[in-house]
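Novice: Dock chain B against the given chain A, drawing on the hints supplied.
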Amino acid sequence: QQQVKQSPQSLIVQKGGISIINCAYENTAFDYFPWYQQFPGKGPALLIAIRPDVSEKKEGRFTISFNKSAKQFSLHIMDSQPGDSATYFCAPRMDSSYKLIFGSGTRLLVRP
Amino acid sequence: DAGITQSPRHKVTETGTPVTLRCHQTENHRYMYWYRQDPGHGLRLIHYSYGVKDTDKGEVSDGYSVSRSKTEDFLLTLESATSSQTSVYFCAISEQSYGYTFGSGTRLTVV
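Quick mapping for you: the protein sequence lines, in order, are chains A and B.
If you're matching positions, the first sequence starts at 1 in my numbering and goes up one per residue.
If you're matching positions, the second sequence starts at 1 in my numbering and goes up one per residue.
Bound-form chain B, shown alone:
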C-alpha cells in the first residue's frame, strides 16, 4: 500500500526467541497502530502511538512492546515469542480526520 510498508512479510521463528516487526511510513502521519488478525476475532489492537516516543497499550498488549523513535518508524517486539502469537500482524497509520491506511501485513509463525 502506498506510503506504508511492513517488514518482513513472512517470518517463522522458534518459541522463546525475540522478534521485531517494522512498520515504515512516508506520509508523516501522527498516529500509528499495530493490530493482529486471527480467525473469528477480526483485528485486535496491540499498541498504538500518537507521536514520537508516545505510545499506549491496546486490548491485547501482553507479551508485546513497541517503540517509536522517529515519526516514520513504529516497531513491534515480541519479547519471547509463543505459539499463541502466531498471527497476521497489520500496521496502520492515520491522521485525525481520516480513515486508517493499512500495510500489507506480516505473517508470523511461531513453532
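Here chain A stands alone, though its shape is the one from the complex:
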C-alpha cells in the first residue's frame, strides 16, 4: 500500500531554471507536509514545510504549493543552482503518531 507517490524519480534542470517536484497522498490523516533534502552520505534535512490550512508557503527560492482537495503538494525551486543538486523527499506526517511517511525520492541535478 503506497500512501505517498512522488514524481518524477529524477530531474535535470539548467542553472537558473525552475525545478518542480510533486507528491500525491491518499491518507487524510496527514496533518503536516514537509519536504526534506538529502545530500550524498548525509541524513535528510528539513527544507520547508506547510500546514493544511494554507495553500502556499515560500522561503527564499523554495515554495510549497498545497492542494487539499486534490491531495497533492509540490515543491518549486526557483532559480535552481548546482548546489541544489540533491535528493528530495516529500514526507507527510501522521497526526496521531507524528510518523513521517516518505515518498520514494527525486534525484535533482542542476547543470551549470
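Partial pick of chain A residues on the chain B-facing surface, computed with a CB cut under 10 Å:
{"id": "1", "residue": "V4"}
{"id": "2", "residue": "Q9"}
{"id": "3", "residue": "Y36"}
{"id": "4", "residue": "G43"}
{"id": "5", "residue": "P44"}
{"id": "6", "residue": "L46"}
{"id": "7", "residue": "F89"}
{"id": "8", "residue": "A91"}
{"id": "9", "residue": "S97"}
{"id": "10", "residue": "Y98"}
{"id": "11", "residue": "I101"}
{"id": "12", "residue": "F102"}
{"id": "13", "residue": "G103"}
{"id": "14", "residue": "S104"}
Below, computed lysine-lysine pairings styled on BS3-like, alpha-carbon distance capped at 25 Å:
{"id": "15", "chain 1": "A", "residue 1": "K99", "chain 2": "A", "residue 2": "K5"}
{"id": "16", "chain 1": "A", "residue 1": "K99", "chain 2": "B", "residue 2": "K53"}
{"id": "17", "chain 1": "A", "residue 1": "K15", "chain 2": "A", "residue 2": "K58"}
{"id": "18", "chain 1": "B", "residue 1": "K57", "chain 2": "A", "residue 2": "K5"}
{"id": "19", "chain 1": "A", "residue 1": "K71", "chain 2": "A", "residue 2": "K57"}
{"id": "20", "chain 1": "A", "residue 1": "K71", "chain 2": "A", "residue 2": "K99"}
{"id": "21", "chain 1": "B", "residue 1": "K11", "chain 2": "A", "residue 2": "K42"}
{"id": "22", "chain 1": "B", "residue 1": "K70", "chain 2": "A", "residue 2": "K99"}
{"id": "23", "chain 1": "A", "residue 1": "K68", "chain 2": "A", "residue 2": "K58"}
{"id": "24", "chain 1": "B", "residue 1": "K57", "chain 2": "B", "residue 2": "K11"}
{"id": "25", "chain 1": "A", "residue 1": "K71", "chain 2": "A", "residue 2": "K5"}
{"id": "26", "chain 1": "A", "residue 1": "K42", "chain 2": "A", "residue 2": "K5"}
{"id": "27", "chain 1": "A", "residue 1": "K99", "chain 2": "B", "residue 2": "K57"}
{"id": "28", "chain 1": "A", "residue 1": "K99", "chain 2": "A", "residue 2": "K68"}
{"id": "29", "chain 1": "A", "residue 1": "K68", "chain 2": "A", "residue 2": "K57"}
Treat the hints as calculated values from the structure; they're not laboratory data.
Cβ atoms here follow ideal geometry from the backbone N, Cα and C, with glycine treated the same way.
Specialist: Frame of chain A, contents of chain B only:
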C-alpha cells in the same frame, strides 16, 4: 548532525549474527525513530518510540527489535542478520511541533 549521533557509522557482519545499532540524542526529544533507506524505496519506518520504554512498530519491523531505557538512547537490534537487511539505517528525533532531525546514518552490510 548536532544533538544526534549514530554508531557505528559502518559495519560489516555475517548472516545469522545479531547486530545492534545505537542512536544517542542530547536534545531531550520525546520521539525517536529508526528508518532504513534503500534505492527506490525512500525511507521506510522500522520502529519508533514515543517515550522511555514506549515503542511501536513501523511498516518494515519484521526481523528488528528496539529498546529505549533512557530518553537519550534508542537501540535497534537485528536478531539474526540477513542479506535483505543490508541497508543504510537512519535514526531521527522530534518533538511534536517540529520536523525531524536525522543522524548521519549507519551503513550496514550483511555478507
